[in-house]
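First to last, the protein sequences are chains A and B. Just add 1 to the spot in the first sequence (first one is 1) and you have my numbering. Just add 1 to the spot in the second sequence (first one is 1) and you have my numbering.
Hints in this document: simulated from the structure, not taken from any laboratory. Just to be clear, a hint being listed does not mean it is correct.
Pairs count within a copy or across copies, as identical chains cannot be separated in the list.
[Claimed, not checked] Derived lysine to any residue pairs resembling SDA-like cross-links, with alpha carbons at most 20 Å apart:
| # | residue 1 | residue 2 |
| --- | --- | --- |
| 1 | K279 | D313 |
| 2 | K279 | S318 |
| 3 | K263 | D303 |
| 4 | K279 | V316 |
Protein chains: 2
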Amino acid sequence: MARQMNVPTLVEQARAGAPRAVARLISMVEDAHPQLREVMTALAPHTGRAHIIGITGSPGVGKSTSTSALVTALRKRGQRVGILAVDPSSPFSGGALLGDRIRMNDHVLDPEVYIRSMASRGHLGGLSWTTPQALRVLDAAGCDVVLVETVGVGQSEVEIAGLADTTIVLLAPGMGDGIQAAKAGILEIGDVFVVNKADRDGADNTVRDIRHMISLGDRTEPHLWRPPVLKTVASRGEGVDEVVEALDKHWAWMTEHGVLRKRRLRRAADEIEAIVIKTLRERMGDLRGGHGIEDHAALVVDGTASAYTAADDVVASLT
Amino acid sequence: MARQMNVPTLVEQARAGAPRAVARLISMVEDAHPQLREVMTALAPHTGRAHIIGITGSPGVGKSTSTSALVTALRKRGQRVGILAVDPSSPFSGGALLGDRIRMNDHVLDPEVYIRSMASRGHLGGLSWTTPQALRVLDAAGCDVVLVETVGVGQSEVEIAGLADTTIVLLAPGMGDGIQAAKAGILEIGDVFVVNKADRDGADNTVRDIRHMISLGDRTEPHLWRPPVLKTVASRGEGVDEVVEALDKHWAWMTEHGVLRKRRLRRAADEIEAIVIKTLRERMGDLRGGHGIEDHAALVVDGTASAYTAADDVVASLT
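Input sequences plus hints: build the corresponding full structure.
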């Protein structure tokens with residue numbers, strides 16, 4: 002069913018920055034295209050250059066506006082930018098539902114900016130499997146920075162932090178109440194905190210709350226990075242240069258202390274595990290087609306075996 | 002670290018209906034206790050009798066009140082009832098955060114009612130792994146009906162439907178707008194729809210909307226079951242007997258057409274798969290300890306291998 006692609010040509014075009022080739026490669030990731038393995042192997046030598054930056058925050062903090070403002074600032078420096086907007090909320094959405102989240106009108110015509118929406122929880126698997134590969138595509142396409150934007154829902158914030166070199170946590174005045182942030186688990190994952198809409202009442206209180214909570218937490222990274230807490234009014238571009246500066250500093254700090262490599266190693270290990278699990282699931286799927294698991298399921302339903310005993314037998318048949 | 006349990010005695014006590022034994026067995030599930038396999042094997046012959054009913058709906062539709070009213074109705078018939086409240090929202094919550102969701106004051110002292118809260122996304126794994134086993138415990142403890150209640154967030158509604166024989170979707174007036182329901186994917190999963198708070202304005206519109214949307218959808222079950230759309234005011238117990246009646250009818254229909262067995266077979270197969278994946282993950286975890294995956298990750302980070310090639314090597318070492 003899947004169309005046969007000329008992978009070397011596509012990869013060459015993507016590396017040269019052709020937007021359609023980049024888009025096609027990401028679609029191949031989303032569709033789990035049969036030639037995806039070939040794509041990833043061809044891309045591998047050309048990855049590792051981009052600074053992957055995660056941007057997360059609750060609905061209403063101004064994520065799209067902030068992302069757009071960041072892109073403007075990065076483009077001023079002549080950098081090529083990729084943007085991946087990940088929707089963790091629905092197993093049913095295709096990319097279409099995401100359309101309204103991306104307000105990138107200033108950038109859609111810029112050939113040095115790649116914008117892509119992805120549903121993270123499609124039938125083909127979760128965030129951990131597709132998103133890292135889409136990031137690799139943008140990385141290999143010569144992006145200096147790739148911004149991964151997600152709305153903070155449940156576990157997604159923590160997951161996005163696991164995909165990025167640097168994670169920006171966006172807040173808005175009144176939402177920075179320390180206990181809320183602690184509950185959401187965002188204090189642990191933020192490398193840079195940004196209180197957007199800082200022209201509103203309460204911005205300074207929010208900054209103070211977050212600073213206080215950060216000072217209480219114990220961060221596990223060696224060579225302590227103290228996350229800055231900055232203020233922006235993204236809609237007017239105010240404070241955005243300071244955010245870019247903080248991102249540069251964090252990059253330099255990570256590089257200097259070996260943290261960048263450590264994070265990337267952990268990420269690659271997670272990605273490998275996800276692919277291993279996917280492979281083994283597929284083998285089990287083949288078993289299901291062949292009635293292997295169904296026969297075991299019948300024993301469980303009839304009470305003659307526990308799910309554990311059945312699982313042992315399946316593992317034995319896989320390995 | 003885990004305390005050694007006398008499993009045969011615990012199981013015997015649980016089957017006799019001793020609440021403390023039931024509670025302890027569910028704790029063993031939650032903690033992935035080393036003797037859990039022994040527990041599940043001992044329980045296996047005593048499972049399969051209970052009618053597992055999923056109850057889901059958005060925050061504010063009155064899930065706890067409805068669950069409580071259902072329990073009252075079922076108890077009037079002399080049935081033993083288990084209630085499992087599953088919190089899908091947070092990886093950080095222990096059971097404690099769930100306390101306020103269970104407003105079961107009418108039932109906590111009833112020795113024929115078992116109430117338990119579970120966080121579904123603990124560090125030990127997701128809904129698919131722990132919840133079915135907790136259900137088995139309540140089933141083996143002689144519950145005639147087990148209610149699994151979860152708040153509708155993201156994928157959790159679909160997951161709960163996968164765990165239950167019958168799924169009740171709760172709505173409230175004004176929330177039944179067909180497009181919302183279709184977006185949330187609940188039209189496909191509901192066996193019985195209940196519009197609660199039916200004394201409020203708009204209840205009849207909501208009922209009509211849902212009926213209309215159901216008539217448009219194509220349901221894949223054979224021997225078409227047309228989900229009833231009922232009205233309740235759970236806080237006053239109004240309409241609850243009709244819900245119980247609908248549940249009985251659905252049970253009879255499922256039994257008559259082999260749907261019950263089909264659903265349970267699929268569920269058991271999913272459960273077996275989840276345990277298989279867990280087992281293989283643990284083996285990979287052992288690999289990680291032994292630097293197996295870390296070495297592969299370094300190749301990926303350095304661009305000398307793709308994650309696929311690395312995953313192939315890991316699969317080969319597992320199998």
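We went through each hint and held it up to the structure:
1. Taking CA atoms no more than 20 Å apart as the test, K279 paired with D313 passes in both settings, with 19 Å inside one copy and 11 Å between copies.
2. Within a single copy, K279 and S318 get their C-alpha atoms as close as 17 Å, and across copies as close as 16 Å, so both meet the 20 Å cut-off.
3. Taking identical chains as interchangeable, the C-alpha atoms of K263 and D303 lie at most 20 Å apart only when they sit on different chains, with a minimum of 12 Å there against 49 Å within one chain.
4. In this assembly of identical chains, the alpha carbons of K279 and V316 lie at most 20 Å apart whether taken from the same copy (15 Å) or from different copies (10 Å).
The structure is consistent with each of the numbered hints, conforming to all of them.
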